[in-house]
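K.L.:
Line by line, the protein sequences give chains L and A.
Under the numbering used here, the letters of the first sequence match residues 1 to 375, in that order.
Under the numbering used here, the letters of the second sequence match residues 1001 to 1357, in that order.
If you're looking for bench data, these hints aren't it; they were derived computationally from the structure.
Idealized CB from N, CA, C, for every residue including glycine.
There may be inaccurate statements among the hints.
Partner residues aside, some chain A positions facing chain L, computed with beta carbon under 8 Å [what the hints assert, rightly or not]:
hint: 1; residue: V1093
hint: 2; residue: I1128
hint: 3; residue: T1131
hint: 4; residue: I1132
hint: 5; residue: F1138
hint: 6; residue: G1142
hint: 7; residue: Y1143
hint: 8; residue: L1147
hint: 9; residue: L1271
hint: 10; residue: A1272
hint: 11; residue: P1318
Subject to a maximum C-alpha distance of 20 Å in a straight line, what follows is the list of computed SDA-like cross-link-like pairs (lysine to any residue) [as the list claims (entries may be wrong)]:
hint: 12; chain 1: L; residue 1: K345; chain 2: A; residue 2: V1241
hint: 13; chain 1: A; residue 1: K1160; chain 2: A; residue 2: L1079
hint: 14; chain 1: A; residue 1: K1160; chain 2: A; residue 2: L1202
hint: 15; chain 1: L; residue 1: K345; chain 2: L; residue 2: V119
hint: 16; chain 1: L; residue 1: K345; chain 2: L; residue 2: A13
hint: 17; chain 1: L; residue 1: K345; chain 2: A; residue 2: E1352
hint: 18; chain 1: L; residue 1: K345; chain 2: A; residue 2: V1122
hint: 19; chain 1: A; residue 1: K1036; chain 2: A; residue 2: F1017
hint: 20; chain 1: A; residue 1: K1036; chain 2: A; residue 2: L1177
Pair by pair, the computed Cβ-Cβ distance ranges are [what the hints assert, rightly or not]:
hint: 21; chain 1: L; residue 1: F32; chain 2: A; residue 2: S1121; range: 20 to 28 Å
hint: 22; chain 1: A; residue 1: L1177; chain 2: L; residue 2: G321; range: 50 to 58 Å
hint: 23; chain 1: L; residue 1: F32; chain 2: A; residue 2: I1192; range: 35 to 43 Å
hint: 24; chain 1: A; residue 1: P1319; chain 2: L; residue 2: T270; range: 20 to 28 Å
hint: 25; chain 1: A; residue 1: T1255; chain 2: L; residue 2: V58; range: 40 to 48 Å
hint: 26; chain 1: L; residue 1: L212; chain 2: A; residue 2: L1177; range: 55 to 63 Å
hint: 27; chain 1: A; residue 1: E1312; chain 2: L; residue 2: Q319; range: 55 to 63 Å
hint: 28; chain 1: L; residue 1: R349; chain 2: A; residue 2: A1220; range: 32 to 40 Å
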Amino acid sequence: MTRRLSRAWSVLALPIISIVLSVIVGSLVIIFSQWLVTGELNPGLALDAYGALVSGSVGSERAIVNTLDNTMPLLLGGLAVGLGFKAGLFNIGVQGQFLMGALGSVIVGVQLSDSPVIVAVPVSLAAGMIFGAAWGFIPGFLKAVSGAHEVVTTIMLNFVAIAILAAAVSGPLNVIGSASPQTLPVGNASLPVILGRNGTIAIIYAPIMAVLYGFLLFRTTRGFEIRIAGASPDAARYAGMSPRHLIIWTMTVSGMLGGMAGATDLLGATHTMTTTYSTTVGFDAIAVALLGRTSPLGIVLAALLFGAMRTGASAMQIQAGVPADLVGVLQATILFFLVVSPVIKRIFRLKGAKTGLEDSATTFTATYGGEATIR
Amino acid sequence: MDPFQFFYSLPVIGLVFELIGYLIHILPVIAPIVMKASVPIGFAALCGVMCERSGVVNIGIEGTMLVAAFVGWTAGVYLQPVLGSTVGPVFGVTPTLLAALILAVLAGVAVSFVHAWLSISVRADQIISGTIINIAAFGITGYLISLLSINSPEGAGQFKAWTPPQAITDLPGVGWLFDMIFGQGPITISLIVIVIVFQIFLFRTRWGLRSRAVGEHPRAAETVGIDVIRLRYRNVMLGGVLAGLGGAFLSMEATAAFQPGMTVGDGFIGLAAMIVGRWTPVGAFGAALLFASTVGISQSILIAPPSGQLGEILISLPPQSFDALPYLVTIIILAGVVGRSIPPAADGQPYEREAAT
């Protein structure tokens, strides 16, 4: 029993310490920024803000359903980033894959808005996944063929995705006669509600994807290859695997998950698209994958945490007057403390604690900037 | 009149000639726009060269610039009532602007210090460290700007462009070049100076040799008595000065306001420019100009499209395709050039001193 506990602690210690420290830093930021702007020093404000954050995210049945709704795209995005991490690839392009996925699902969803739900929903969702996969394939292909590092290409593709989305919504998808460019609603392609007022079936299929993610990585040959390639590309090549093939495959599947996240948001929450359709999921997903240590269960828990923070943020802004952008600060500080884990381990005397990124993280820096290790 | 007139009638190839003719025609007009657009990309690229030549990968340039842009603008807001706005002799400089510029640069150094600490001392993964800096910069500036804008504060204005004497800018053939370089604000002009000085320092001084040695083979550098850790710290923070200038340009020279996320990927395009420019200051700046030229060209097409068949095609494209142009060009050039462009050997590898025995 004690051994199990100490194992659980070695896994959970760093994430928990990071979260606690970031809450402390967050309250300092709240108090001092308010003091600088308004000239009033009000230490209670931090408590008010966090109180509103908690009650706005888990304080009522409705809030919990909203939190679950917000969690699912984050979960899928986190899986997308996590899969890349496992293979030693840093997919910062989830943002773009999300937008392309949403675009794909709205294009098909509008066409199928009068079709039976049983057809419209899966087909629209699949369209989003295909768009996302295509958007993930491009950087994978470029890296495999020319060595262009995915960190730069995926970010460029994020901006290209924004432009494509705006062009499509204000062009072919635009409803004639609307005040500002906007697509038709997706109608029957909207995700069916199964829980409370707006809890969609994403609450079922996104966790299933997390299970599949775990199955892929730890129970299949492909998953084994991915993990080996992430830990040591040279070893993978030596064992006869094709790193190029793995890079393309992983980026495509990662993009598919990102696209699914976008489709989930569009079909489940907004139901229509404007030119300003945007998201924070892309960046949040990186935090989710890192905090969740790229493990399926970890990503689910981290996504729940960030989903709750995003949901509670608007309540915090309204009730305590603290801008919702604070969530971004909290996320960044959580990540910061995770990264300085060697220092934290020393301070808190945690010898056995793990961050979970020890093996694969070095690979993307190793392949950075050219020739790389892809041969 | 047009020497290429004959070729225009050819199919497809005609279009290419038409495009070339159009580009030559608009070059003097768009040159100042291109120059301005190249400043944030150029500073980011120089920052990248500075860091990576000594072996530290810096993905966080984007965030560093964003913080500097924010600090520059905010310092202007707060210092304006104290330092006043007596306009100086050149560049529309005021004491407030000058102080704000210094603070912006210091902010860039401070952010770079965090990156240096994470990647050199903590020996964290440098790409993750940089990404965290980007996320943190986006978050904290977004948070603070929404807090600040409740009072809708007045900024301290912006640096003005210098007007070079007409005798120079009217010179036939090259006059537009002088206008492009000198008809600019102080940060833009400083970029050109820094590119040249940096190139000379990197390849002609002891500091440059040592920096390159530390980036190529830190162990060997250490054995001849170079303090690898200290030199890397110093260079990453010098890179912060450059990124700080790039950020200050955005909120104090190009515009007089701060917008959340106003760097719009310039930091990353800068990294691509660095790779295309083969990790040399002059090459990186040249690549930055190339990337920036897409901005000038797309603006020119929107305002004064070429006539004829080419113009019809370009006008029929959705306007957003021109927004995507810089990013597309970056991807294409990057995919074409890396593999043939070799980074410093120890780029991205944390350095661990051998234990003294």
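K.L.:
Hints first: check each against the structure and report whether it holds.
P.N.:
Outcome of the hint check:
A distance limit of 8 Å between C-beta atoms decides the matter here; for A:V1093 the minimum to chain L is near 27 Å, and the interface restraint is violated. Interface hint at A:I1128: satisfied, since its Cβ lies 6 Å from the closest Cβ of chain L, which is below the 8 Å cut-off. The beta carbon of A:T1131 is positioned within 8 Å of a beta carbon in chain L (closest approach about 6 Å), and the interface hint is therefore held. Restraint check, A:I1132 versus chain L: the minimum CB separation of about 5 Å is within 8 Å; hint holds.
A distance limit of 8 Å between C-beta atoms decides the matter here; for A:F1138 the minimum to chain L is near 6 Å, and the interface restraint holds. At its closest, the beta carbon of A:G1142 sits 4 Å from a beta carbon of chain L; the interface hint therefore holds under the 8 Å criterion. Restraint check, A:Y1143 versus chain L: the minimum CB separation of about 4 Å is within 8 Å; hint holds. Residue-level restraint check for A:L1147 holds (minimum Cβ-Cβ distance to chain L is 5 Å; threshold 8 Å).
The restraint placing A:L1271 at the interface with chain L holds, with a minimum CB-CB distance near 6 Å, inside the 8 Å limit. Using the Cβ-Cβ criterion of 8 Å, the hint placing A:A1272 at the interface with chain L is satisfied: the shortest such distance is roughly 5 Å. With its C-beta approaching chain L no nearer than about 4 Å, A:P1318 sits inside the 8 Å limit, and its interface hint holds. Taking the CA atoms of L:K345 and A:V1241, the gap is near 32 Å; set against the 20 Å cutoff, the hint is violated.
For a cut-off of 20 Å, the pair hint linking A:K1160 to A:L1079 stands: about 19 Å separates their Cα positions. Our distance criterion of 20 Å between C-alpha atoms is broken by A:K1160 and A:L1202, whose separation comes to about 31 Å. The straight-line distance between the Cα atoms of L:K345 and L:V119 is roughly 52 Å, outside the 20 Å bound, and the hint therefore fails. Restraint check for L:K345 and L:A13: the C-alpha separation of about 9 Å stays at or below 20 Å, so the hint holds.
A distance of roughly 19 Å separates the Cα atoms of L:K345 and A:E1352; the hinted pair therefore holds under the 20 Å criterion. For the given pair, L:K345 sits about 12 Å from A:V1122 by alpha-carbon distance, which is consistent with the 20 Å threshold. Of the pairs offered as hints, the one joining A:K1036 and A:F1017 is violated, with about 27 Å between alpha carbons and a cut-off of 20 Å exceeded. Restraint check for A:K1036 and A:L1177: the C-alpha separation of about 13 Å stays at or below 20 Å, so the hint holds.
For L:F32 and A:S1121, the hinted distance range of 20 to 28 Å is satisfied, since their beta carbons lie about 26 Å from each other. A C-beta distance of roughly 53 Å is found between A:L1177 and L:G321, which places it inside the suggested range of 50 to 58 Å. The hinted range of 35 to 43 Å is satisfied by L:F32 and A:I1192, whose Cβ atoms lie roughly 40 Å apart. Look at A:P1319 against L:T270: about 24 Å separates their beta carbons, and that is inside 20 to 28 Å.
In this structure the supplied range 40 to 48 Å holds for A:T1255 paired with L:V58, their Cβ-Cβ distance being about 41 Å. Remark: the range hint 55 to 63 Å for L:L212 to A:L1177 is upheld by a beta-carbon distance near 59 Å. Look at A:E1312 against L:Q319: about 56 Å separates their beta carbons, and that is inside 55 to 63 Å. Checking the proposed 32 to 40 Å range against L:R349 and A:A1220 shows it holds: the Cβ atoms sit about 37 Å from each other.
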